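A.B. asks: Quick mapping for you: the protein sequence lines, in order, are chains A and B. All residue numbers for the first sequence refer to the working numbering, where the first residue is 4 and numbers rise by one. All residue numbers for the second sequence refer to the working numbering, where the first residue is 4 and numbers rise by one.
Some clues are possibly wrong.
Heads up, the list lumps identical chains together, so a pair's fine if it works in one copy or across two of them.
Derived lysine to aspartate or glutamate pairs resembling DMTMM-like cross-links, with alpha carbons at most 25 Å apart [unchecked claim]:
(1) LYS48 with GLU131
(2) LYS148 with ASP67
(3) LYS48 with GLU83
(4) LYS49 with GLU83
(5) LYS49 with ASP152
(6) LYS148 with ASP200
(7) LYS48 with GLU86
(8) LYS148 with ASP205
(9) LYS49 with ASP123
(10) LYS48 with ASP147
(11) LYS148 with GLU86
(12) LYS49 with ASP121
(13) LYS148 with GLU51
To be clear, the hints were calculated from the coordinates, so they are not data collected in a lab. These numbers come from a predicted model, not from an experiment.
What follows is each chain in one-letter form.
Protein chains: 2
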Amino acid sequence: MIEISAFSGVPQQIRGLVRDLRVRWALEEAGLSYVARLLPLGDQKKPEYRALQPFGQVPIFQEDGLVLFESGAIVLYIGERCESLLPRETGARARAVQWVVASLNSIEPFVMNFAMLDADNPARAGAEEFLRRRLAELSESLGDKPYLDGQRFTAGDLLMSTVLCILRGTNIVSSDPRLSAYVQRCTARPGYLRALDAQMGDFH
Amino acid sequence: MIEISAFSGVPQQIRGLVRDLRVRWALEEAGLSYVARLLPLGDQKKPEYRALQPFGQVPIFQEDGLVLFESGAIVLYIGERCESLLPRETGARARAVQWVVASLNSIEPFVMNFAMLDADNPARAGAEEFLRRRLAELSESLGDKPYLDGQRFTAGDLLMSTVLCILRGTNIVSSDPRLSAYVQRCTARPGYLRALDAQMGDFH
Numbered sequence: 004m005i006e007i008s009a010f011s012g013v014p015q016q017i018r019g020l021v022r023d024l025r026v027r028w029a030l031e032e033a034g035l036s037y038v039a040r041l042l043p044l045g046d047q048k049k050p051e052y053r054a055l056q057p058f059g060q061v062p063i064f065q066e067d068g069l070v071l072f073e074s075g076a077i078v079l080y081i082g083e084r085c086e087s088l089l090p091r092e093t094g095a096r097a098r099a100v101q102w103v104v105a106s107l108n109s110i111e112p113f114v115m116n117f118a119m120l121d122a123d124n125p126a127r128a129g130a131e132e133f134l135r136r137r138l139a140e141l142s143e144s145l146g147d148k149p150y151l152d153g154q155r156f157t158a159g160d161l162l163m164s165t166v167l168c169i170l171r172g173t174n175i176v177s178s179d180p181r182l183s184a185y186v187q188r189c190t191a192r193p194g195y196l197r198a199l200d201a202q203m204g205d206f207h
Numbered sequence: 004m005i006e007i008s009a010f011s012g013v014p015q016q017i018r019g020l021v022r023d024l025r026v027r028w029a030l031e032e033a034g035l036s037y038v039a040r041l042l043p044l045g046d047q048k049k050p051e052y053r054a055l056q057p058f059g060q061v062p063i064f065q066e067d068g069l070v071l072f073e074s075g076a077i078v079l080y081i082g083e084r085c086e087s088l089l090p091r092e093t094g095a096r097a098r099a100v101q102w103v104v105a106s107l108n109s110i111e112p113f114v115m116n117f118a119m120l121d122a123d124n125p126a127r128a129g130a131e132e133f134l135r136r137r138l139a140e141l142s143e144s145l146g147d148k149p150y151l152d153g154q155r156f157t158a159g160d161l162l163m164s165t166v167l168c169i170l171r172g173t174n175i176v177s178s179d180p181r182l183s184a185y186v187q188r189c190t191a192r193p194g195y196l197r198a199l200d201a202q203m204g205d206f207h
């Protein structure tokens, strides 16, 4: 049985954003069942958890003795069992991985740099300007396609849409009709909705 | 023939750090030959290049009509042809991917946040403190093992060591004997040295 770690409770503003959502969503796309091992917020920093996750972060994925962390890597691992996440054809597969990495290395760091700054922080304007420029490039690359690599949803879209969801409290994505429709398209998938329900349902 | 994009010249302080080095290194590990398409610095922002790389970054990888960007994704793609980068055994392979993602999403963003701030920036002390804490966790996880997953060098070590090299002008890695020895161990590999020579040799 697959087990993932998740929180039993977090502040309202990050509900639906904790990284186990990405893994739950991938498991739903793959049709794999799982159980969540729930941690009170703070317990991820304890030594027994850190022995499995050096940075004290959620989620961990465990199955038959295999222990993995980093939600992006876990999604890729699950993708090996789900052709809609990682296509079999070599080129399409490589481009799906490319968009996973782009989400995690070229978009998320700048989303987080902006999101972590309070409204009165003098660095916020610069972080927002950089982020808006980067997202305009992403929007241009998406163009009129429904998904980043064309007609098919892949693991790259799963990662990218969850990264863009971090900006839900701002107008940065919602003011771009293409990106906004893209996030809505991805998060309308039944697998996303089931994953979100499961994460929300696990919060007490 | 494999073609990668790289710069024909960059300032001294980033020579040996431009991301095509990661791809050159992976190609050396895999024993695959390639040619570099050299761009003057700035040309990566032109429309014809952006049509292939939406964020205007180096490198791009091209082979038989396949075009890929994101150095981490390209290293994973090359890893499919190189067992020392991506082991065949399922668990070892998943953990190698995990360390690739950890390098790109849990370490590099904080390395870059620190490295991009001038010495007199008031945010620098906080960025350094966060980074030192994160790297202490990495060092603890490495422990006495030669490589992140144990006895074998993988794509995860290729990525992590090149990320840590970004800090070469500071004492942040060099003051940690374990991480410092780890970076030296990785970058003593003949494949790294050939890749570094090739990048440096392409600067005019």
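A.B. asks: Measure nothing new, just compare the shortest in-copy and cross-copy C-alpha distances for LYS48 and GLU83 to 25 Å and report within, between, both or neither.
C.D. replies: Neither: 30 Å inside a chain and 35 Å across chains, both beyond 25 Å.
A.B. asks: Classify it for me, LYS148 with ASP200: is the Cα-Cα distance of at most 25 Å met within a copy, between copies, both or neither?
C.D. replies: So LYS148 and ASP200 fail the 25 Å test inside a copy (28 Å) and across (41 Å) alike.
A.B. asks: What label fits LYS48 with GLU86 when the C-alpha limit is 25 Å: within, between, both, or neither?
C.D. replies: For LYS48 and GLU86, neither the intra-copy (35 Å) nor the inter-copy (34 Å) Cα distance is at most 25 Å.
A.B. asks: For the identical chains here, do LYS49 and ASP152 meet the 25 Å Cα criterion within one copy, between copies, both, or neither?
C.D. replies: Only across copies: LYS49 and ASP152 sit 22 Å apart there, 40 Å inside one copy, limit 25 Å.
A.B. asks: Treating 25 Å as the Cα threshold, decide for LYS148 and GLU51: within, between, both or neither.
C.D. replies: between (45 Å within a copy, 20 Å between copies)
A.B. asks: Could you place LYS49 and GLU83 in one of the four classes (within, between, both, neither) given a Cα distance threshold of 25 Å?
C.D. replies: neither (31 Å within a copy, 36 Å between copies)
A.B. asks: From the Cα coordinates, with 25 Å as the cut-off, is the pair LYS48 and ASP147 best called within, between, both, or neither?
C.D. replies: Close across copies (22 Å), not inside one copy (43 Å); limit 25 Å.
A.B. asks: With 25 Å as the alpha-carbon cut-off, assign the pair LYS48 and GLU131 to within, between, both or neither.
C.D. replies: Result: close only across copies, 20 Å inter versus 30 Å intra.
A.B. asks: At 25 Å max between alpha carbons, let me know whether LYS148 reaches GLU86 within a copy, between copies, both or neither.
C.D. replies: within (20 Å within a copy, 35 Å between copies)
A.B. asks: Should LYS49 paired with ASP123 be assigned to within, between, both, or neither, using CA atoms and 25 Å as the limit?
C.D. replies: So LYS49 and ASP123 fail the 25 Å test inside a copy (33 Å) and across (35 Å) alike.
A.B. asks: Tell me, please, which holds for LYS148 and ASP205 at an alpha-carbon limit of 25 Å: within, between, both or neither?
C.D. replies: neither (35 Å within a copy, 37 Å between copies)
A.B. asks: Can you tell me if LYS148 and ASP67 fall within 25 Å by alpha carbon in one copy, between copies, both or neither?
C.D. replies: between (39 Å within a copy, 24 Å between copies)
Violated hints, listed in ascending order, are 3, 4, 6, 7, 8, 9, 12; each of the other numbered hints is respected by the structure.
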